[in-house]
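*Asks:* With the hints as extra help, turn the sequences into a complete structure.
Residue numbers (our numbering), protein chains in the order written: chain A, 2 to 771; chain B, 660 to 1151.
Don't take every hint at face value.
[Stated by the list, open to error] Pair ranges (Cβ atoms, derived):
1) B:GLU910 <-> A:LYS125: 58 to 64 angstroms
2) A:VAL22 <-> B:ARG861: 41 to 47 angstroms
3) B:LEU707 <-> A:GLU577: 42 to 48 angstroms
4) A:VAL161 <-> B:SER1103: 42 to 48 angstroms
5) A:VAL592 <-> B:HIS911: 53 to 59 angstroms
6) A:LYS125 <-> B:THR1016: 38 to 44 angstroms
7) B:ARG1104 <-> A:ASP418: 22 to 28 angstroms
8) B:GLU910 <-> A:ASN745: 41 to 47 angstroms
Derived from the structure by calculation, the hints contain no laboratory data.
Here the structure is a predicted model, which is why all the values come from computation and not from measurement.
Cβ coordinates follow ideal geometry from the N, Cα and C atoms, glycine included.
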Amino acid sequence: MTKDRNNHHESAAYHVTGTAVYIDDIPVSSDALTGKVFFSQVPHAEIRSFDLREAKKVKGVFAVLSAKDIPGINNMGPVVHDEPVLAEVSVQCIGQAMFLIAADSEASAEEASGKIKVKFREKKAILTLEEAMKQGKPMYPARFIISGDVESALKRADHVIGGEFHTGGQEHWYLETHAALCVPGEGDEMRVYASSQHPSETQTLVAEVLSVPKNVVEVEVKRMGGGFGGKETQGNHIAIWAALLAKTTRQPVKIRLCRDDDQKYTGKRHPFLIRYQAGFSKEGILNALDVDLNSNAGYATDLSRAILERAMFHAENAYFIPNIRIKGTVWKTNQPSNTAFRGFGGPQGIAAIENIIDRIARRLGLCSAEIRRRNFYGARSRNKTPYGQIVKHNHLPLIYDKLLVSSQYLKRKNEIDAFNKKNEFFKKGIALSPVKFGISFTTSFLNQAGALVHLYTDGTILVNHGGTEMGQGLHTKIRRIAAKEFGAAIDKVVVNATNTSRIPNTSATAASSGTDMNGMAVKDAIRQIKAGILPIVADHFNLKFGKPKTRLTDLVFSEDHVIDDRHKERKITLREAANLAYLQRVSLSAVGFYKTPGVFFDWNTGKGHPFYYFAFGMAVTEVLVDTLTGAVKILRADILHDVGDSIEPLIDRGQIEGGYIQGVGWCTTEELRWDEKGNLLTHSPDTYKIPTAADIPDVFNVELLKDHPNPGTIHHSKAVGEPPFMLGISCWLAIKYAISASANHRKEPELNIPATNEAILFALEKLKSK
Amino acid sequence: MMKFATMSNHPTTDIIRFILDDKEVSINFTRTTRWTPTTTVLQYLRSLENHKGTKEGCAEGDCGACTVVVAQLENGKLSYTALNSCLIFLPFLHGKQLITVENLGSFDNMHPVQKILAEAGGSQCGFCTPGIVISAFALFKQHGKITRPEVVDALAGNLCRCTGYRLVIESVMHACENRKPDIFSGKEKKVVALLAAIRKDRSTIHLKTTDYSYYLPQSWQEALLLRQQLPEALVINGSTDVALRVTKKKEHLPLIIDISLVEELRLFRQTKKEMLIGAGCNLEEIRIAVREAFPMFSELLDVFGSRQIRHRATLGGNIASASPIGDTLPLLMAAGASVVIHSLKRKREILLSSFVTGYRQTALKPNELIYVIRIPIPSSAEILKFFKISKRKDVDISSVSGAFRLKLSRDKKISQVSLFFGGMAATTRPARQTEQFLKGKTWSRETIEQATVYLQKDFTPISDARAQAGGRVRMAANLLIKCWSETHTGKP
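*Replies:* So, in structure tokens, the structure goes:
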């Protein structure tokens, strides 16, 4: 633990030596059982009858459970209780859990699963968003954000364009599939090792389903092998199923989904269908936007409403649009319930407006980057969002100016146009796209965090906080924050596994808020511990050195010492200080708490102040498209992103690069395709293609915006988890530019997300026949 | 009860022996219920207490989280190759050294590839990291200068969802540029001696349990004899395809002849006119060996699976599996390759295009095995092109692929033409009507545009996870245009 001073990530040494422990690596006792879930293979049906007798007879099988065996509430919906733990009367999607099996081996569980008999009466299933919309029954009434008078503004506009835009879903493809290990203890005690972004919610739901109080359910998350939102709510499911089996058998039970099951049966990014009308001036100034966002929720609510809301909050992205009506509707289909995924609706909303801007530029024959600039939020005027929040500390114009120069955008665009004139079959494209991303949970009460910090008498520090580590480097940043607050060396600080017994009632590690909130809570706890130590050290110095006296305000924590800033010879190590305090019977442990100030929103009026601040970034991407094969090569990407004062620059760069590439994947090769019966066809990495090392830009320039500290946040930093994802949209826009070049930019290509090679070929063909 | 033949006329042994953690490990499948002959190396490692670093990410050879290195004797020296442990059955390890991430270095004493990845920010969630470390290590042990494209190629079979790869690529690049002898260099002599001792025993290995009979013949004669005696046995070599039947479809494969230890099948011979490639040559060694004589084939293999897959997949296996996509089939058919087939009593040779008879069906008889593939080296007077369309450039199966061979007269007339497509029908198939149309016509844009109409008569493709029927038709036509554009104007 002390030798990783040079490593950027607190777990890096464990990662590279293969000693980092994930759920499936936790040593288990010899009586541990394998849990297996029997999933529905029909999308919509009434359950007429089922027979578990043969399954129960299989050698090595310890339990086969149905809904009847659930001691508590048969529901695991995180916000709205509309998701049965196990199907009872009907199934509503392929992949809905029906029965649970615990066995002494994978093979026995498999065999038992094959012996379960179910009789269904199949019903008509809704398998696409379009079909759900055609039926006209939304899951919830539509929501609106309205500003100005969009109808009359559309009438007054020089130009009006309208259309439809589709964005596809996206599989999270965390490398570690869903897994949980549950170990029963004395009485009702249940210890849950989960791969969950939200241990407190896992704890709540396990308690409800088992019908036990929360104080006997302990959930621990050491680390996840990737989350990206996919384990914000749906990690709960696996934990609940394992807990039910563990409670029944009174033996430890582990469930780990195989990759295909994970892909087929768990939720993904919401597909959206967006309809719009946009009015703009001859100069390309966007005066009116009427946008209708529709999302495919799948069969249950999960986080669909909050995700739709965030899409609505980002439907204008970086642009001031005085007259706007944003309508948002969640639709129910007979598919696995879609869920959180990095960006949380933001990418869908932003992609739609970026496509509109792109169309405006093409319609007017102007440069799309210039159209973007003209529409950016202003510094003093034109700075009010459709929902009434003022955009403060707006770095958009600054980032634009810097990036345009550093990427040599205009020069390269000219070169690309020249290249395109000369080449029939290969076309290049370039595009700039911005992101303005609101930071805070839009459900305001979630913006709270807790911490528990201990200083031990050997001068080492143990930090507990409510956030979970999924690779994003949260624990690394927290460690840096704690070390800085204590003036301690980084290797004196250990960040503990997240545990509901240590930090209760936490929010999910989501909305990019992990460092912002937990960092502040940790700081609060450390402030209290330091306040306890200061008088002890001051007394100690005064006793030893006499006059002039050391005042409390003179003492600083620095370089592993407590030092009198005015009399530098008066210093003791943090270890000695801790010991002194201990002998004086002063607590060296404190609970910290934080709530984000000033955030609120009212859906009755569609107005409020949902975000504490905004994060900004911009990317320029250049691509080469082979118009005969649809193959895309990213030649170069330039990114300038705003993270305030970076707590860990290498971690932040990693988030930006990884987010961008994940965004590129969503926009290009990652395609979800179903058959007519509702089976996912692209259900394994064989057919579902995320980017490889060979798909990253040949030239990849990533810079952090310097010298713009973020006021009011932990060490003046900014959230970085989600915003860079949306920079990947610049790649999609560049592809569209290349396609458009094949018709000399005179016609509008029909292209949606994802722009797969096939979609590119279809778009090119349509352009020819237009 | 299944009836298993016994090999009375050859000495047999019933255990496998390999090296792990610097020690010889032997497994006698009759004495354990923990593992069977079709237990994968990944399942085996996951069942051990001290090898949890090897992760299961997909169990189908696409993500690389389970990558291990296998060191084996090549001309008295060790060669280190990265493989997907999820696609290898345990018996493959016989006579080899298995190296996992734990063997590279510890917290206090890291291997250079581990150290640089940890320090440079090459890991985020860390789940893919052991696999990346191992792929990087295999590259580190490779001879010769290592370029950036080489690094990217070596890592293309390791999916990472967090980092965006840049820091990973740069770290590995840095480690490979500063190569020094590592902890394995010092142990090499000892390992070579141990492995040589194991391989000295050339008896056929017969792993027999109540549920399995798994043969590992060590000579071609024995392999043919087994094939004769056990015509119902499944023959495997690289097992990259067959392993999925166990791991994904949960099939029980009771009777297997594994020909991966048959040295004769590693034959590679090249003359001015042709190449003879043993059915057991793996695609990675072929990729490197044919680079000069048949660059088109080498380029095809550049985008064939990952390096981990290519190290295991054999040319014989690829041909015998006769998949509709075909991978190597369109090009080899267009090149006029033929298959040399042996049985105990007979040798015969047939054209590859006649060898494939239907969807995953071939002309191979139950007592026959593929010995070598004979590939005529394309003459410079001919045009031979191969194109592949896939959703992702690397490690992706084609939606459509096409191989085109043309002979043009001096006045640009097409005197000979053969066009083979993968992904357009149940098998790799020639486009006969299109060929017929093209014969005698001028090799021009106009001719090609007209020819694409005939493609629609030749094929009625299906829609599946990779492409739609309409997309496939467009793609096939585009490949013809691409062939024309490259032969006409050259690459841009």
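*Asks:* All the hints need checking, so say for each whether the structure fits it.
*Replies:* Do the hints match the structure? See the list:
{"no.": "1", "hint": "B:GLU910 <-> A:LYS125: 58 to 64 angstroms", "verdict": "violated, 35 angstroms"}
{"no.": "2", "hint": "A:VAL22 <-> B:ARG861: 41 to 47 angstroms", "verdict": "holds, 43 angstroms"}
{"no.": "3", "hint": "B:LEU707 <-> A:GLU577: 42 to 48 angstroms", "verdict": "holds, 46 angstroms"}
{"no.": "4", "hint": "A:VAL161 <-> B:SER1103: 42 to 48 angstroms", "verdict": "holds, 46 angstroms"}
{"no.": "5", "hint": "A:VAL592 <-> B:HIS911: 53 to 59 angstroms", "verdict": "holds, 56 angstroms"}
{"no.": "6", "hint": "A:LYS125 <-> B:THR1016: 38 to 44 angstroms", "verdict": "holds, 43 angstroms"}
{"no.": "7", "hint": "B:ARG1104 <-> A:ASP418: 22 to 28 angstroms", "verdict": "holds, 24 angstroms"}
{"no.": "8", "hint": "B:GLU910 <-> A:ASN745: 41 to 47 angstroms", "verdict": "violated, 56 angstroms"}
Going down the numbered hints, you'll see the structure goes against 1, 8, while the others check out.
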